Structure formats: C-alpha cells, structure tokens
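Q: Chain B: place on chain U using the hints.
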Amino acid sequence: MSAVTGAGGGGARGSAVWWTALALIGGFVLSVRAAEESDSGDAARPLSPLLAEPSGPGLPSLHLAAKFPDDLEVSESCVEMLRLFGERYVAAVNCLVSSARPVRVCQNCYQAYSSFNDIYTNISSGQTQSGNVSCQDSLMRSDRLMLLFNLYSSLTDIWTSALCTQCLTPDQKSLTNSTLDFISYLNKSLSCFEKYQENHTELCMDCKATYKGLNEMYSTMLKNKGYCIDIEDAMNVTRRLWSKKFGCTVPREETVPVIAVSSFMLFLPVIFYLSNFLHSEQKKRKLIHPKRAKSNHSLMNIQDKFS
Amino acid sequence: MANITKKVSWSGRGEERTPLLNGSEEVRYSRQSSGGSVFHIGRLSTVDLDEDITPEEDPVRSKPKEIPHNEKLLSLKYESLDYDNSENQLFLEEERRMSHMSFRCLEISRWVICGLIGFLTGLIACFIDIAVEYLAGVKYDLVKENIEKFTEVGGLSISLILWAVLNSAFVMVGALAVAFFEPVAAGSGIPQIKCYLNGVKVPRVVRLKTLLVKVFGVICSVAGGLAVGKEGPMIHSGAVVAAGVSQGRSTSLKRDFKIFEYFRRDTEKRDFVSAGAAAGVSAAFGAPVGGVLFSLEEGASFWNQMLTWRIFFASMVSTFTLNFFLSIYHKKPGELSSPGLINFGRFDMDNVQYSLYEIPLFIIMGAIGGVLGALFNVLNYWLTIFRIRYMHRPCLQVMEAMLVAAVTATVSFAMIYFSNDCQPLETVTSEDYPLQLFCADGEYNAMATAFFNTPERSVRSLFHNPPGTYNPLTLGLFTLTYFFLACWTYGLTVSAGVFIPSLLIGAAWGRLFGLLLSLMTTGKLVWADPGKYALMGAAAQLGGIVRMTLSLTVILVEATGNVTYGLPIMLVLLTAKIVGDYFIEGLYDVHIKLQSVPFLHWEAPATSHWLTAREVMSSPVTCFNRVEKVGTIVDVLSNTSTNHNGFPVIIQAAASEEPGKLCGLILRSQLIVLLKHKVFVERARSRLSQRKLQLKDFRDAYPRFPPIQSIHVSQDERECMMDLTEFMNPTPYTVPQETSLPRVFKLFRPLGLRHLVVVDDENRVVGLVTRKDLARYHLGKHGLEELHLAHT
Chain U
1 MSAVTGAGGG GARGSAVWWT ALALIGGFVL SVRAAEESDS GDAARPLSPL
51 LAEPSGPGLP SLHLAAKFPD DLEVSESCVE MLRLFGERYV AAVNCLVSSA
101 RPVRVCQNCY QAYSSFNDIY TNISSGQTQS GNVSCQDSLM RSDRLMLLFN
151 LYSSLTDIWT SALCTQCLTP DQKSLTNSTL DFISYLNKSL SCFEKYQENH
201 TELCMDCKAT YKGLNEMYST MLKNKGYCID IEDAMNVTRR LWSKKFGCTV
251 PREETVPVIA VSSFMLFLPV IFYLSNFLHS EQKKRKLIHP KRAKSNHSLM
301 NIQDKFS
Chain B
1001 MANITKKVSW SGRGEERTPL LNGSEEVRYS RQSSGGSVFH IGRLSTVDLD
1051 EDITPEEDPV RSKPKEIPHN EKLLSLKYES LDYDNSENQL FLEEERRMSH
1101 MSFRCLEISR WVICGLIGFL TGLIACFIDI AVEYLAGVKY DLVKENIEKF
1151 TEVGGLSISL ILWAVLNSAF VMVGALAVAF FEPVAAGSGI PQIKCYLNGV
1201 KVPRVVRLKT LLVKVFGVIC SVAGGLAVGK EGPMIHSGAV VAAGVSQGRS
1251 TSLKRDFKIF EYFRRDTEKR DFVSAGAAAG VSAAFGAPVG GVLFSLEEGA
1301 SFWNQMLTWR IFFASMVSTF TLNFFLSIYH KKPGELSSPG LINFGRFDMD
1351 NVQYSLYEIP LFIIMGAIGG VLGALFNVLN YWLTIFRIRY MHRPCLQVME
1401 AMLVAAVTAT VSFAMIYFSN DCQPLETVTS EDYPLQLFCA DGEYNAMATA
1451 FFNTPERSVR SLFHNPPGTY NPLTLGLFTL TYFFLACWTY GLTVSAGVFI
1501 PSLLIGAAWG RLFGLLLSLM TTGKLVWADP GKYALMGAAA QLGGIVRMTL
1551 SLTVILVEAT GNVTYGLPIM LVLLTAKIVG DYFIEGLYDV HIKLQSVPFL
1601 HWEAPATSHW LTAREVMSSP VTCFNRVEKV GTIVDVLSNT STNHNGFPVI
1651 IQAAASEEPG KLCGLILRSQ LIVLLKHKVF VERARSRLSQ RKLQLKDFRD
1701 AYPRFPPIQS IHVSQDEREC MMDLTEFMNP TPYTVPQETS LPRVFKLFRP
1751 LGLRHLVVVD DENRVVGLVT RKDLARYHLG KHGLEELHLA HT
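Protein chains in written order, with the numbering used here: chain U, 1 to 307; chain B, 1001 to 1792.
Chain U with its partners taken away, still in its complex shape (with noise of 0.2 Å):
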C-alpha cells in the first residue's frame, strides 16, 4: 500500500486514487447492466468524474497521505487500464450471474470473459505503451493484497471449473460446432417433450428416438472431452425430465429368467459339494510311529548297531 502514489498529473491525491478506482468496480456492480456492450466502446472515454474529484464527504481520512514523490506514482495509462479492467470485470461477473440458472455461462459470457482474459493480460505482461514504469509493476505487485489477481484467478477458477473452455473453439472466440449442435439437437427435443406433455406413455414414446440421439451425443461429447457445464446442466435437466416426470425408465421385467438362472447355477456347488462327499474316496492319512528312547535300555540300540 505504501507504494501506491498519487497519480501523476490528474492532481489526485496519494491512494485515495486507487482506493476510488475500487469503489468505482464496486459501483459498476450495482449500477451498470448493459456491461458487455459498454466495455468496447468506452476506453476512450475520460476519467469519471469520481475519479477526478475523489474526495467524497464519506472518505475524509484519505486525504492523510497527501502526496508521493513522482517516481513512485502510478502513471496515467495504467490507471486507464485499472478502470478498464474494473468495468470488465463487472461485465463478466454480471453476464455469470445472470446466466446462473439454468446454467448458460458458457455460452453467454465467453465475450465478456475474454475481453476480461485481454485486459488482464495487458497488465500483467509488462508492457508499458508509455513512459518506463511498467503497469504490471504499480498495479500487480506492489502490496500484498494483490487484489487484480485476486479478482482475476476467482473469475478464471469459475471458468476453469465450468470446463467452459471446451465447449469454445481454440481461439475462444465463438461455440464449437458440437455444442452448437448439441444445442439444436436438445432444442427438438424439448419441443417433443412439449408436444406431448399430456400423455406420457406417448410421450416416452415418441420422443425417444430423439432424447437418444441427445443421449448419444451427449456421451460421445463425454468421452471426447467436449463438454462444459452448460451441456452437462442441460442433459442433467432433460434427464430429469424423462426419467422423473415422465417417467419413461426401463421396467424391471425379467425377474423370473433372471431368477431362474441364478437358482440354477446356485444349485450347481450343491451338487458338485454333495457328489464328491458321497463319492469321492476320503483321503486317509498314514500314521507313522517314531523312535522314542522309552527307558535306558534304548542304550542297548545304538551299541547294537555298532558292535
């Protein structure tokens, strides 16, 4: 904290700037709705206000750090970049939470995501577009809260979780043609499942050849690795439906060959224990009788022998 300095020509005070640029993010949460779409067009756009003038009635004990020398201030741009992340970042947790249930985040957020991804890894790359310090430095690494990285590996361990990155092409700009069609194909059949809704013997009926097909796919994308949670959620549900709703499980319906086998193959040790203890000759044991010395006259033996 003690290394985050006045901004060097906006006339802000000492950390009371960065400070402000959190509230700021904080602020976007609650207020701005239309993230995605503001987060492109708005980088050229001058401080905020808020930015300008930090010092709010509320926060008068900022004004305690006056001011940093200038070497250790943070420069202009990467403050342009701190705001740009933080309205990012309210973009990205903003199109999460609103594509919470049914889950759809992969789907809707892979945009707002990745424009997060860029902005973040403008920072931390190092590179400076102007002036010698670098952002990575002022913004990253100077106190132990680390809060961009903080905030950033959250939304990363989100994403990594929700395997959203299989469901997207390698350049993570647009949905892969198997979710893509994943997608269509679990339309038809909750359109079937509509159709039908009010008998579901037909239903369970006609509708499977579908719910199948979405079955198949669903476990080839399984077995592929293509799958993310918006597919595994959406197939979670469809099968709930089927199975619970509907009802459409398999009947158990082969109890008596099923019994039938088993007591068969049950009753074969019987046989096989009863017919070897009846006709199986038992094996007898051979007794054999050592040499004890049974009193002193077993001398006698040895001097036998060797007379």
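Misleading hints may appear alongside valid ones.
[Stated by the list, open to error] What follows is a set of in silico ranges between Cβ atoms, one per label pair, in the way DEER data are often shown:
| # | chain 1 | residue 1 | chain 2 | residue 2 | range |
| --- | --- | --- | --- | --- | --- |
| 1 | B | H1677 | U | P269 | 53 to 63 Å |
| 2 | B | T1564 | U | S219 | 38 to 48 Å |
| 3 | U | N108 | B | G1334 | 38 to 48 Å |
| 4 | B | V1165 | U | L274 | 17 to 27 Å |
[Claimed, not checked] Not close to chain U: a few residues of chain B, all C-beta gaps over 10 Å, as computed:
| # | residue |
| --- | --- |
| 5 | L1090 |
| 6 | S1157 |
| 7 | F1180 |
| 8 | T1308 |
| 9 | F1320 |
| 10 | R1389 |
| 11 | P1706 |
| 12 | M1721 |
Because the hints were derived from the structure by calculation, they are not lab data.
Remember, predicted model here, so these are calculated numbers, not experimental data.
Virtual Cβ for every residue (Gly too), placed ideally from N, Cα, C.
A: Just chain B now, with coordinates in the frame of chain U:
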C-alpha cells in the same frame, strides 16, 4: 521290519523323499496311542509306561493306522533348513584364503542383490497390475455393453450367463495352471513364506516355475472376478525372486551365471528371502516400512541390524520401481507419488480428524472385526478340511474354482439386478464401469459400483465416495454376500490373496457402521464422513482374519499415507486380535496347521517344563564312525524307512561295548557329495594328484542334491573307507538329557537348528532332537497335546 514305510518311493521330486525325522524304523505303539487320534500327555510321563509291551509281540504293529486328515498331524514331507553354519575344516580353510577385500565384496554384493530383488519384484508387481487392469477392463466393458444392450430389449439372463462364463473361463485357465503345474502356487503364499522364514523347507516353494504359475494364476483369478486380491501373492513372488537372484543361477533353466556363489546355502538364502518378502509387501501396499516389519514379525528369530537395513533398501527400491514404471504406463513419467499396487487414495485433511469420543467406537469396531474374522476363519477351516479330504484330484479342484467364479458372477448380478439403490455419480472416470440398469438416466446402480468392479476399486470407492453414495441396505447386503463369497474362495486352487477381500468386507460394514451412527444421532455431534469408519472397519476385519499386529498397522498407515490414524488403527487391530484369538487362530496359522507343517512358534507350550530332552528326542540314533566304511554309509542313506538327514559322528572306544563319544555331525547332503566325488581313503592314497574337495563342490550341488540312487558305488568301493573328519561339523550343539523342553526350544528356534544332539554325561550320543520332535507338542483345549506324524 515295518511295512508302513515301504510305500515311500524314491520317485521324482527331490526334496519330498527325505523327511527330517530321525526315526520311524521301529514301530512301537504306546498304550495311549491306541485311543483317539490325539493322546494327552498327563503328568504321568510316558517314560516307563510301556516296558511290558515288547514291540515284536504287539499285534497292531503290522497294521498301519489310517485316519482322516485333520489339523493335528505333522507331515513327513517337510524338511528343515540348515540355518546353522557347518564350521568344518573346509569352511575354515576357505575363510583363511579369503582376503579382507573379498569380504568387502561380499558385503557389496549383498546390497546389489537386495537392489535387484527390489527392482525385479517391483517389475513383477507392475506387470501384474497392468495385466489385471487390461483384462478386467476388457471383461467389464464386454459385459457392460451386453447389459446395456439387453436392459431395454430384454434378455438380461443372457448377460448373466455371459458374465458367469467369462469369469469361469478366466478362472479355469488360472486354476488349470495351478492344479496341474504347480500346486504349491495356490493361495496367497503367505503361509508358505511364513513357514520358509520359520525354517521349514516347503518343497518347490521358491522355484522359478512357482513364480511363473503364481503370476499367471493371480492375473487370471483377479481378472476372473473372484473375491480375491493380488497383494498376498506379491509376497510370495518377491520371495521367489529373492531366492532366485541371490543364487546367481537357475536350476530350472539350467543356467549358471557363476556369480554370488558364496550365497548358495540356506543361511544366506533365507536372509534374502526375507528381503524378498518385504519387497513384495512393499510393492503390494506401497509400504516399505510395513514390508520390513512384516519380515520382522514373521521371521524375526534370525535378524540383525545390517540385515534389517538391507531389507529396507530392497523394500524401498521395490516400491519406487513399481511407482516409476506405473507412472510411465499412466503417461505421467517421473511422477512418483502413487506407490503400491493398491492405492487407498488419500484421505483429505478435513476428514481425517477424529475425536476422543470416537475411540470407544473404534474399539467396538475392532471387537466386531475380531468376531467376524473368527467366524471367517472357522468357516474356512471346515471348508479346507473338506477340501483336503474329498477334493484331492486336480480336475475336481479346477471344477470347484470354476463353479465359485460362476456363482460369484451370479450372486453379484442378482444383487445388482434387484437393487433399488440409485445414486448420481459425480464424475465418471474410465476406471469405473457404472451400470445404469433400471435407474433413472444420469443415475447409476450403487450396488454395481461395489460388485461390478475389481475388488480394489470397490475398496477405494467405499473409502472415498462422499456420504450418501450407498444406502445402508446396499452395504448390508454387500457385506453379507461378500463375506461368504470371500470365505468360500480362500483355499481354492487358484493363486489369490485374502487381503483385499477382507478389506472390502470390513470397509463395507465399517461404512454401514458410520452411516448408522449418523442416523442414530441427530445434529449435535458431527460424525465425519463414513469413509473414516470404512477404513477402521477394513482394518478390524483384516486384523480379525490374519491377526497380524505391528506390520499390519504400519502397512495400513502407509497405504493410506496418513499417520493421524495410527492410534485408532492400532487400537482396532489390537482389539480385533484379542477378540479373535479367543475363538480361533489367524487364517494363516490355521492353514499352516492344516498343511501339517512342523512350524515352531515363538515359545514352547506353556506347561511343558516337565518334559525333558530324553522324552522329546528320537532314539536310537544312527551314527557313523569318524572313519566309516562306504558300504555302511550307502546302506544307511539308501534305507527308505530311515530318511535321516543328520548323522552324529562318533569315536568308538576301541573294543569296548560302550557307545561312542560324539565328535561331530554330518549331513546327508554332505555325504552324498562325498560319495559322488568318491572321497575315499584308499583313493587318496593311490592317487595323490586328486584334487582336494572344496566348499565350492558342496555349494554347486545346492539346493537340489542328487538322490542316493543316482550315485553308483561299485562292489569294490563299498569296501573302501571314508574319513569324515574334514567335512563334519566338529562342534554341533548338544544338550544333556535332563534339559527341559522350553530350554531345548530356546536353543533350537532362535539359532535355527536342524539337529540337536542329546548326550549323556560322558558325551555319548543318546538321541537327536529335530524340528518335528519339538513341533509335535502344542497346547490344545485340554492341556498339552501331541501331534501325530503322517505321510501326506
């Protein structure tokens, strides 16, 4: 004179024909023995009781008595190992010739051998693991596909038959190999290795052929879906590897690499075998320390500190060899963090906590394990007796194994079929074979995760699957069926271990125990996940069955990689052993007894101080003079009824009637080598150039000394004389006649003796104590009992 022993033929297999017993020529029925199969030795000792019965007049004498096989017999086919070094003149000469440097080299080669043992054992474990994984994968995929196909269209009974047939086919191949090629490879091999380390030479137990059959058999029986594990056989495999590598040659392959010749004797070989057993344990469980302690527990009487350290080295090498090669197989080369064939998986730090109030629960679990283990052993005991008595033909044994395999599949299938326990699976890995059957889509049959998998995987899923994966009914049914299946399976003529099935039974009821606990108590106490109780149950059940203590604790601690559970595991095993021992011995001891092995326990029976060497020993003893006629020696050695192995050498006082004084002990094997090389006094005189016999000549013949029949001695040579002075052990251990049995025992067992000469106060030979003379006394239910000797 006695016709009972005439049927002993000198056929085929070398080791079987020479029982170590010094006796059996004279048949005397003591009065007591005409009673039951076991007679009790009362306080009235047997010394003078039968003076009035002269053997020649005894009518029963000529009729050999036959009884059904039971556990109170000692078999004649087992010999003792010569752990005691024969310090004859040849030995002293060789020692004189050896430089300081060659002793150093010996020490280094011991280390090299231990490294090799570890390496090869690890490789074998790796091979078994990969082969089982592959074969089981093929089988389960096939059956799974079939079941999935027939679930909808009907015809699941065909899947059942397919499963049963596949199982039987695998098991048949394995059982055929064992029953027809090498019967000693049956079972886990731990009892056999225990006997070997105890000093009993079990015929063919450490041969290359045994190893091959064992490895092949294990792969077949595990892939065949029997309720068995591949861990026990690893110990046997390690021991065979050790016995082979340390000799620097293979008698079966007729290859002699001319290395490690110094180690060609029982003393050295047995040290290496203990290292091999340790390496086997270590490879099986990823537990190097546990392996060392296993060897310590089973063969501890002949240990020293340097040997311990070498054995530890072998264990470490073995576990890391396995690890390394498996990491390559799993395409993560160099990742050395999953040692052992069985991987219990790691217990997360959140779940490992246990509290003080859980200790009594663990102890209760230990007691349950002890009772269940004892039940297992009793059932298996009766089953084994039945098998020995009635199922002695190899084809019957193969059929039995196939039946068990088929029934295992049937029972598993029926359980899965009728189970209503459907659970969603969190992640489906390629290692699992989830079956859906009649469950809703996305859910799987919970019974199938336990039954439709190799036993090890089932253990792992019982330990680690999150709470709610199994419902109590599933676990209860699984425990019940698996208990009987495992009990039925152990003792079949297939190579297979009992560790994993025991762990599986225990893990199932342990998990059930944990589930019930959390059902009974509401809220206040937080019972951590049932995996912990599954582990304790597994420990209790295994401890109740095999009754190992220290080594098992360490093995389990190492296999789970978790020292936190050290105390509970120890308590559980302790309780299980105490409770189990109240009913019956451990499974391995039961089987050793049923094999009629002359096994020496740690101590002599407690109430045997009144027995003296005079009553224990065999007498009279066949002795040789220091310079003996060749004809006499050949006659004694060829006598089929007296298959003696050690002969006291005496000095006959000239022209006196007194028995000679003891001056040494010579072994049958030495005499045979001497006869083969024709070391006769006359020949030495006539041809001075004749090469002097060295210790090497004795080693070259080891361990399969030719039978006496293969040595031709001409009529002229029979008249020659043989001087035994150079070759006999000049200082055999002796005891006076009045020595008590425990005292004899204390000398005999820790020194690993094979013959102990009983002398009178003038150093005249009175009798000879051998392993069977000591092993026949044991403490039964009614006090001290004596075992019978029998041909088996």
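Q: Does each hint fit the structure? Answer for all of them.
A: How the hints compare with the structure:
| no. | hint | result |
| --- | --- | --- |
| 1 | B/H1677 - U/P269: 53 to 63 Å | holds, 57 Å |
| 2 | B/T1564 - U/S219: 38 to 48 Å | holds, 40 Å |
| 3 | U/N108 - B/G1334: 38 to 48 Å | holds, 41 Å |
| 4 | B/V1165 - U/L274: 17 to 27 Å | holds, 24 Å |
| 5 | L1090 | holds, 27 Å |
| 6 | S1157 | violated, 4 Å |
| 7 | F1180 | holds, 18 Å |
| 8 | T1308 | holds, 38 Å |
| 9 | F1320 | holds, 31 Å |
| 10 | R1389 | violated, 5 Å |
| 11 | P1706 | holds, 25 Å |
| 12 | M1721 | holds, 15 Å |
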